[in-house]
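Listed below are the residues making up each chain.
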Amino acid sequence: MSGFTNLNSSAGYSQNSTPNGGAAPHYQNGPVQTYPSMYPPAGYYGAPPQQQGYSTIPGHAAPAPNKAPVTNNAHSANYYHNNHQQQQQNHLPQHHVAPSPYSAPLSSAPPSQPYAALPSAAPPPTNAHYNQQPFQPHPPYATPGSYYGQQSYHPSPAQQHPSLVPVTASGPGAPLYPIVSYPSAPGSSQYGTLSSSQSTSTPVGIPTQMVGAPLHQYSAAPPPSTTAVHPGYGVGPPGQMAPTVVNGQGSTAHNAVHQRYTQSHQASLSYDSYSGVPQSSGGADTDQPPSGTPSTSVHSSPGHHQGGDTSSSTTGSASPVPNSYDSLEGGSYPDSMPPSNDMTNQAPPYGSYGYPSMQSAYQQGPTSHTDASPSHDLYGQSSYQQYSQPFPNLFQLSAALGGLSGVPELEVEALRPVNLLQERNLLPPRPLEPPEPNVSSDLKKVNCSPQTFRCTLTSIPQTQALLNKARLPLGLLLHPFRDLQQLPVITSNTIVRCRSCRTYINPFVTFLDQRRWKCNLCYRVNDVPDEFMYNPVTRSYGEPHKRPEVQNSTVEFIASSDYMLRPPQPAVYLFVLDVSHNAVEAGYLKYFCESLLENLTKLPGDMRTRVGFLTFDSTIHFYNLQEGLSQPQMLVVSDIDDVFIPSHDSLMVNLKESKELVKDLLTSLPEMFSQTRETHSALGPALQAAYKLMSPTGGRITVFQTQLPTLGAGALQSREDPNQRSSAKGVQHLGPATDFYKKLALDCSGQQIGVDLFLLSSQYADLASLACMSKYSAGSVFYYPSFHYIHNPAQLEKFQKDLERYLTRKIGFEAVMRIRCTKGLSIHTFHGNFFVRSTDLLSLANVNPDSAFAVQMSIEDSLADSSLACFQAALLYTSSRGKRRIRVHTLCLPVVNQLSDVYAGADVQAITCLLANMAIDRSVSSSLSDARDALVNAVVDLVSAYKSNVSNLQQSGLVVPTSMRLFPLYILALLKQKALRTGTSTRLDERVFAMCEFKTQPLQQLMRMVHPDLYRLDNLSDQGALHLNDTVVPQPHLLHLSAERLSRDGAFLMDCGNVFYLWIGKCCNEMFIRDVLGCPNYASIPPNMSHIPELETPLSERVRAFLDWLQDNRAFSCTIHVVKDDASAKATLFQHLVEDQSEVASSYRDFLQHIQQQMSK
Amino acid sequence: MAFTFAAFCYMLALLLTAALIFFAIWHIIAFDELKTDYKNPIDQCNTLNPLVLPEYLIHFFFCVMFFCAAEWLTLCLNLPLLAYHVWRYMSRPVMSCPGLYDPTTIMNADILAYCQKEGWCKLAFYLLSFFYYLYGYAFHFLTPLSA
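Protein chains in written order, with the numbering used here: chain A, 6 to 1166; chain B, 50 to 196.
Keep in mind that the hints were calculated from the coordinates and are not lab data. What you are looking at is a predicted structure, and each value in this text was computed from that prediction instead of being measured. Don't take every hint at face value.
For lysine-lysine, the following PhoX-like pairs were computed, each having C-alpha atoms within a straight-line distance of at most 25 Å [to be verified]: (1) A/Lys-595 / A/Lys-806; (2) A/Lys-607 / A/Lys-595; (3) A/Lys-523 / A/Lys-450; (4) A/Lys-664 / A/Lys-697; (5) A/Lys-595 / A/Lys-661; (6) B/Lys-84 / A/Lys-828; (7) B/Lys-166 / A/Lys-828; (8) A/Lys-828 / B/Lys-88; (9) A/Lys-1071 / A/Lys-1166.
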């Protein structure tokens, strides 16, 4: 609940600052003014004591407020305090007491007055209660965790980054803070108070100097020596700089810099909002309030992401993140600068401050400004900073030229024509890397990770005509809720967004000057809100371009109540279990209950988490788990035609309160139905009941089903004709038989309920119909064909592993995702599990970290007037701890007008995946053979388009650009997938499941399923091996998927994404068998071996290290099957050897021949 | 002055076509709203679906009338649309309620564009046939008079 108060307060606040606060992406109809009332503003903060804290401040004289944050830092427990306080300081004044406050931090002595004035000025109520936190510091001192402690956050991250503490801690006096707040000081000048002091320190000449300076520096290209910084820096405004020394680091210039950075670094850390919250991949719910986790991530995330400048600048190398930023800014330099100079010079606010040269002033940050005297050094520094940001101007230039400018070697390589008929070894030695967009190195550094956001064409064609000419699909592949190692989390009162298109501010926007930014999607010029002028990472004012939002292309905001339609829901889980005879036979119930018992505490959620259980056969059984009962009560409803809920408040219970009862139930459940004779399954009515149970709250329904539903609404008939399984003609019944499940899913989606389906059936269960319940409610589907707890241990193991991941993985509730793109581009079709609410908005009742989405795009207007195209995906969700969060990913790509550039930037894997999605749609809406033809035509079209438009070689044969050399192979592999193959016997359910997987699996996983990676393991060498944490991970080469690459004397590993096959040749090296498998010889290898024993031999260690490394970033752990070289292997392993001929499908050679024939037609 | 059955048919068709024109306009507006984000596809489909069959039936009804009146030319002009309606309804997605539009696929750009185009084409057809019926009505109503 505490989350609410917090949110609320910020909301109240943002009302002041953001007029546009509303417009929550999805809940457009109602930004919900009403909510605030639900969390009485007074709630937490409103408490009198805080008021006191506030009023006391003046008494402390100026330094006190300054000090506060510092010490906070020292404790670094109170992120929020800091945060709010800072913001408030910056903010408040401007809004309400404009003139005075700023001066306070600047000159430590006199400001006390303005400060004192502040409270009396009595900011409006909203602020008032807001302010309290900030000034609350005293209590926090004593009990750093006090505030958060109550919130069950992690109270004292301080312990976790002790190393940093000293720095700030050592600056106990006002001193330290001044430095930090410095920046804000200059800003204050605009309000006039301080201007005098500044003007004294800043000679009049400065502005002019500044104008000139940056330019000079560019040309002069001063070496990025850190020393340059020194004087200007260390000396600074003497009074204020002193603190630096206090910190005990400022002896040498280098140190000074260093220190400053560390400081900022630290600031960022302690700063709740900006600290990178490492989203641990495996973790259940990592969305702990940033306050807790950041500490762990201290090093990695801030250092890397937001604090990118820290590390790099200390080393003196070009800093990765900020640079790009600056350079971005530099981009606007040519035109915007001169005018802005004049303008700013005259403009009262900036006048004294001397923003004359936006650029320099800006980049240096006010710091340098204020202490005018050592201006040389100052400039030295600025130049250094600027300089270290590689060529702001150049960048812009290259950006402007997009793909046209200097074609990098890579691109040349990507364009090299490859004759597929001649070149046989096309596979790279290591798995294919996604192509890098041809943008400036700065942009590359901040660009979104290809694992999260990938475009089929990394160079966007300028017009639809050009795109048509290229014969390649344009689309995005998204994995928005992926588990991230590090993620900057931002708590801010105002989330800065474009006023017309509502784009979130991102690294690719342009700052026209200090106060205005230009949206990179719609090109509207927006104001920079005051709050945004303050940079919490460096704790400086006037550096909006250094804010984490503009330093990272993937960020997460804690959203205010403007983004809520209702109070964030708790985590609610309902398990709907099939307990018919069939289910009991399969025996899943015991393993499910075991797994849930084990992971009960790991279910993502907080104190409010609720769970419920519902079982069904021909009747529906509810379980009363109300706290206080001695044992769970079972309530049976046998009227399945008109389902009702027997009891309203005791079926979904608070997990914490009723934990014992839940445990009881889970232990007794498997036994309860062991004798059942009921063979019918009333799945439909059970789902209706589940929907009724969940609709007040929303949440997740997990359905376990083992057979075809036979009773009540949603009953299905078997539609599969086993004789048609291997029919080479069309495959029927890929679509649903009834719209019952779809309608149910839509209802669920409307009530924010996600439905996940576990289908464990040995018979046909019409997955095509059942899957609809997950498809449109943004759920996920798991399918275990022929599941049996004894007869099929492999499936059981997979089920257990999947279940563990499923239960503990992160989850987001009541989510929506909006994808925005640069004007001119539009979204054509979405692929994945969701409900499309409007042209660019997906409604996701639940969002899980393992599902991905694909989007087809089209170009509606020419993109000629921009050199870059950007895409932004914003995912608004409620975390399992009841926080509303927005995860924003932004991708930036160059726009090109040459066909060759389009080909050079083609991402063959992304294209394959997008085509696969399109083929699935086609096979459902039209027919399977249509879809297959379309895939083949995609290859034919590409080759002929390339031949006629780009390659001027009059070569015969199949010529494709290098970037697309694997395309025919991948398409062939697609055609041999279960989802799309014909001729080979494939069960309908398995086929449909494979189709579902295509739609939801993230790209890398999907590519491994389509085209598995094959390695030879028996001759692992250390050549090119990775060394990670003392383990040596060998890197064997990829092999073509052809039986000719296998040899009898070897051992080969095939990585199919969710399963590994270790194929042991008949004459395999005995040492390998002994050392790795622990068997004396080939003959003694057990037939169904499914694990690699942990042996102490070097070879075994290598192999296991390699396997672990392969598994590393996968959501669901893979099972491994040791396959011996005998007949049974043919079925499992050889079907993946896609380059070979099978009974019905052609080999790669034949396929190419076929393509060639098609072309000549 | 002879108020023949044919004249009656034309008069009826005239009125009904006016109604159909409103249907078509309604469709066009509805899909435009969908495209511009104003409406939730579920709501939109719920309002549009009940209108589909009435439209088809009205059209079918006056086709039958023309058949009875032995207005072969007019009937021939209407047959393609009639056939299209039959085909369209046969190939609708799996639905338990009457109607054509499925909220889960309606936002697909292709389908949306198709539906919009369909709306415009029908509007044009109905408008033209409106004037044709007007002419037919006048012709059948007035010709005997002049004779």
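Status of the hints after comparison with the structure:
1. Only pairs whose Cα atoms come within 25 Å are accepted, and A/Lys-595 paired with A/Lys-806 is accepted, the gap being roughly 14 Å.
2. The suggested pairing of A/Lys-607 with A/Lys-595 holds, with an alpha-carbon distance near 19 Å, which does not exceed 25 Å.
3. As the CA atoms of A/Lys-523 and A/Lys-450 are separated by approximately 21 Å, the hinted pair is consistent with the 25 Å bound.
4. This hinted pair checks out: A/Lys-664 and A/Lys-697 have alpha carbons roughly 23 Å apart, not beyond 25 Å.
5. For the hint linking A/Lys-595 to A/Lys-661, the alpha-carbon distance of about 23 Å falls within 25 Å, and the restraint holds.
6. A C-alpha spacing of about 16 Å is found between B/Lys-84 and A/Lys-828, which places the hinted pair at or below 25 Å, so the restraint holds.
7. A distance of roughly 24 Å separates the Cα atoms of B/Lys-166 and A/Lys-828; the hinted pair therefore holds under the 25 Å criterion.
8. Taking the CA atoms of A/Lys-828 and B/Lys-88, the gap is about 22 Å. The hint holds against a cut of 25 Å.
9. For a cut-off of 25 Å, the pair hint linking A/Lys-1071 to A/Lys-1166 is broken: about 46 Å separates their Cα positions.
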